[in-house]
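K.L.:
Listed below are the residues making up each chain.
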Amino acid sequence: MLDLVFLAFIGYVLVLGLRRPFLWVLLYVYIDILAPQRIGYSLIAALPVSLIAFAAAFGGWIALDRKEGARFTLRQGLMGLLLAYCWWTTGQADFPADAQTKWDWVWKALLFAIFLPLTLTTRARIEGLALVLLLSVATIVIGTGMKTILGGGGYQNLKFFVNDNSGIYESSTLATVAIGLIPMLWWFVKYGTVFRPHWLVTGFAAALTFACLLVPIGTEARTGLLCIAALGGLMLRYTKRRFLFIAGAGVLGLAAVPFLPQSYYDRMATLAQPSSDESASTRVAVWQWTLDYVGEKPLGGGFDAYRGNRFAYVMPVKQVDGNTTSVTYSEVVDEGRAYHSSFFEMLGEQGWPGLMIWLALHGIGLWQMERLQRRWKTAGDEATRWIAPLAAALQMSAIIYLVGATFQGIAYQPVMLMLVGLQIGLNTYCLRIDSARGLLERSVSRKAAIANTMRSAVAA
Amino acid sequence: MIDYFALALGHGLLAIALLRLMLREGLDVDPLIGEIKAETDANRKATSVAGRNAARRTKTVEQPQADGTSSADA
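Protein sequences, first through last, are from chains A and B. Just so it is clear: in the first sequence, position 436 is 436 by the numbering used here, and no numbers are missing. Just so it is clear: in the second sequence, position 45 is 45 by the numbering used here, and no numbers are missing.
Hints in this document: simulated from the structure, not taken from any laboratory. Some hints here could point you the wrong way.
Just the calculated beta-carbon pair ranges, DEER-fashion [stated by the list, open to error]: (1) B:53 / A:385: 20 to 26 angstroms; (2) B:41 / A:70: 51 to 57 angstroms; (3) B:41 / A:363: 51 to 57 angstroms; (4) A:244 / B:41: 38 to 44 angstroms; (5) B:34 / A:308: 37 to 43 angstroms.
Straight-line C-alpha distance at most 16 angstroms; calculated EDC-like pairs for lysine to aspartate or glutamate [said to hold, decoys possible]: (6) A:447 / B:39; (7) A:297 / A:434; (8) A:190 / A:434; (9) B:37 / A:292; (10) A:67 / B:39; (11) A:147 / B:28.
Here are some chain B residues the structure puts well away from chain A; computed CB gaps all over 10 angstroms [said to hold, decoys possible]: (12) 53; (13) 57; (14) 60.
Just so we're clear, the structure is a prediction, and the values are computed from it rather than from any experiment. For each residue, glycine too, the CB sits at the ideal point set by N, CA and C.
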């Protein structure tokens with residue numbers, strides 16, 4: 001039954017796309033994020049829906065789209081360069097079979113992120129992509145939030161639609177993405193044109209924000225807590241009454257404390273004492289290993305190069321016997337521990353060149369969004385006043401992603417790469433407005449100059 | 001049950017959003033950029049040599065007619 005509902009929805013979008021092929025691009029975004037083929041059981045799992053949507057999106061753009069205003073930009077070039085470099089390192093990888101497995105999805109994510117901005121030529125398309133991205137993630141977040149409230153949660157206990165701990169269905173990744181999309185959600189409340197400002201939209205946004213904040217609690221993802229802190233810090237920039245905001249956030253945080261489960265406190269306590277938790281304490285060891293590794297192999301070891309690591313460290317082990325708690329220190333040997341950081345993931349797998357390209361990709365994005373905010377913040381007309389707030393929301397999302405990425409290997413996360421595509425699309429769109437207005441001003445001056453010349457000639 | 005509710009809500013909203021996008025005029029051609037370009041084209045036409053010549057021709061055709069009308073009246 002569920003399979004048929006998914007197939008009916010995909011068929012519905014494919015039919016709508018016959019009139020507007022851009023909708024096929026949005027269909028691929030939906031399938032790539034929500035992965036209905038992994039939620040369903042039989043029919044949909046057997047069909048290559050992702051491939052069908054990609055072929056429709058790309059084919060529709062090539063054959064039917066106007067392509068007016070499509071530009072190939074520096075950041076798309078950087079992603080192309082990263083794609084080529086990843087292909088090269090995959091050929092030289094330490095673990096060729098594992099590298100090939102990761103390459104199989106990374107190239108698709110990067111290629112789609114390169115392609116996506118070419119389709120974002122109008123305001124409606126930019127908003128459409130942002131909305132489909134948001135609603136696809138919201139579908140997962142709504143379920144997660146409701147389960148947290150009604151059934152508790154717990155680290156690796158909370159069940160998602162898909163429970164293979166991969167992609168967006170990994171708890172820390174979902175927490176980062178959910179928190180990162182909150183600024184964009186509130187942009188829709190004020191500037192949305194598909195769903196216009198309305199009390200129903202505001203109510204939905206408030207409920208969804210609450211659900212997003214519940215994701216790090218329900219999944220007990222420590223990274224999520226850091227992302228919430230980052231969001232709070234970033235919001236200070238756009239808040240007029242900062243002290244009131246800080247006090248309000250403090251009161252809200254304190255009010256939430258009694259409702260949090262003990263297991264959440266225990267897990268968050270490891271943030272301050274990383275040595276007491278294996279997952280946290282190995283991070284530092286893996287990062288140190290990665291630095292040593294690229295000292296020998298500066299060009300990187302290809303995807304999944306971390307599988308070669310092995311290290312021993314001392315960890316405290318608590319034993320509770322009645323009222324007595326004894327702590328003994330035992331040596332733990334770890335092998336093949338993942339990077340637990342996108343920065344070190346890029347460094348270990350793609351070496352210094354790969355890390356530099358990745359940093360440039362995100363650094364330029366932050367700078368472009370900052371520039372757009374400053375350039376358009378005084379725009380008062382309906383046609384352009386949405387630009388600066390959207391640039392601010394996208395910049396906040398990118399910073400929250402980078403905070404989350406510091407503690408998890410999500411360097412090629414498709415949702416984040418789609419956000420990069422959205423940033424590029426917005427930047428190109430604004431450059432086109434500026435360019436068109438520049439031409440208009442020149443044509444007006446020329447017209448005025450000719451009118452003056454003719455008037456002088458007639459007078460003479 | 002929660003999963004079905006979340007999937008139904010998410011897909012319902014997506015279906016409405018996509019339908020509204022499909023019906024939207026400005027999805028494939030941006031109205032703002034289109035408007036600016038149309039204005040620029042109109043200005044260019046007015047200032048181009050061909051445009052000015054056309055305007056002059058119109059003026060010279062109108063001028064004798066206006067003169068003729070005034071002499072006949074006189």
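K.L.:
For each hint, tell me whether it holds in the structure or not.
P.N.:
Okay, the hints, checked on the actual structure:
Between residue 53 of chain B and residue 385 of chain A the Cβ separation comes to about 42 angstroms, which falls outside the hinted range of 20 to 26 angstroms. Distance hint check for residue 41 of chain B and residue 70 of chain A: the Cβ-Cβ separation is about 21 angstroms, which falls outside the suggested range of 51 to 57 angstroms. For the hinted restraint 51 to 57 angstroms between residue 41 of chain B and residue 363 of chain A, the CB-CB distance of approximately 39 angstroms leaves it violated. Taken as a hint, the range 38 to 44 angstroms is violated for the pair residue 244 of chain A and residue 41 of chain B, whose Cβ atoms sit roughly 51 angstroms apart.
The hinted window of 37 to 43 angstroms between residue 34 of chain B and residue 308 of chain A is violated, with their beta carbons roughly 56 angstroms apart. Among the hinted pairs, residue 447 of chain A with residue 39 of chain B is consistent with the structure: their alpha-carbon atoms are about 12 angstroms apart, no more than 16 angstroms. Distance restraint check for residue 297 of chain A and residue 434 of chain A: the Cα-Cα separation of roughly 45 angstroms exceeds the 16 angstroms cut-off, and the hinted pair is therefore not satisfied. Our distance criterion of 16 angstroms between C-alpha atoms is broken by residue 190 of chain A and residue 434 of chain A, whose separation comes to about 24 angstroms.
Between residue 37 of chain B and residue 292 of chain A the CA atoms are separated by roughly 57 angstroms; this puts the pair beyond 16 angstroms, and the hint is violated. Distance hint between residue 67 of chain A and residue 39 of chain B is unfulfilled; the C-alpha atoms sit about 21 angstroms from each other, more than 16 angstroms. For the hint linking residue 147 of chain A to residue 28 of chain B, the alpha-carbon distance of about 40 angstroms lies beyond 16 angstroms, and the restraint is violated. Every Cβ of chain A is farther than 10 angstroms from the Cβ of residue 53 of chain B; the closest lies at roughly 13 angstroms, confirming the non-interface assignment.
Every C-beta of chain A lies more than 10 angstroms from that of residue 57 of chain B, the closest at about 15 angstroms, which supports listing it as non-interface. Once the 10 angstroms rule is applied to beta carbons, residue 60 of chain B is consistent with being away from chain A; the minimum gap is 14 angstroms.
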